[in-house]
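*Asks:* Sequence:
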Amino acid sequence: MCPSGRSLRPTATSYSATSDFRPAFDILDADNDGKISRDDLRAFYTGIYGSHAGGDDAIGAMITLADTNNNGFVEYEEFEHVVTGERRTLGYGAMEDVFRVMDKDGDGMLSHQDLKSYMAVAGFSATDEEINAMIKFGGGSENGGVSFDGLLRILALDNSVSN
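Start counting the sequence shown at 1; every next residue gets the next number (full-length UniProt numbering).
In case anyone wonders, no lab produced these hints; they're calculated from the structure. Do not rely on the hints blindly, as some may be mistaken.
[Claimed, not checked] Computed cross-link-like contacts, BS3-like style, restricted to lysine-lysine with a CA-CA straight-line distance of at most 27 Å: (1) Lys136 <-> Lys116; (2) Lys35 <-> Lys116; (3) Lys116 <-> Lys104; (4) Lys104 <-> Lys136.
Could you build the full structure based on these sequences and the hints that come with them?
*Replies:* Right, dumping it as structure tokens:
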């Protein structure tokens, strides 16, 4: 089970065949209104960086990058386009940025501690066993952590890769 209480195995009705970035979207949608606002992003980055979270200009740029219908919010479909790189206008997908934030020591791997601290900041409690299960599901090892592709596998619950 993931910390959210969901199984690692998607059902045919709840996930697309290849990916679903809903868990990542839900972490950013702090007020759970179905869209990511400036306030949601501000809360997310403040939780990670504290008073060094960056200003409204940076948050506004993130919203502008993804907000294709120009309503001031990022809905799930817009978020998915950014995450999958379909709007990779700045050279990096949003998930690569999230990975870099999570990778505290910058070694290109998310360690057990990286995942555990990020889960806590995001408001999810996770046992050591659950973190280890996520790392294993992502194709990593308890000692080495999980790569960017492994994180995508964890968040998307992509079972196309054999375990």
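*Asks:* For each hint, tell me whether it holds in the structure or not.
*Replies:* So, going through the hints one by one against the coordinates:
About 14 Å separates the Cα atoms of lysine 136 and lysine 116, which keeps this hinted pair within 27 Å; it holds. Restraint check for lysine 35 and lysine 116: satisfied, since their Cα atoms lie roughly 26 Å apart, inside the 27 Å limit. Only pairs whose Cα atoms come within 27 Å are accepted, and lysine 116 paired with lysine 104 is accepted, the gap being roughly 11 Å. Taking the CA atoms of lysine 104 and lysine 136, the gap is near 20 Å; set against the 27 Å cutoff, the hint holds.
This entry satisfies every hint, going by the numbered hints stated previously.
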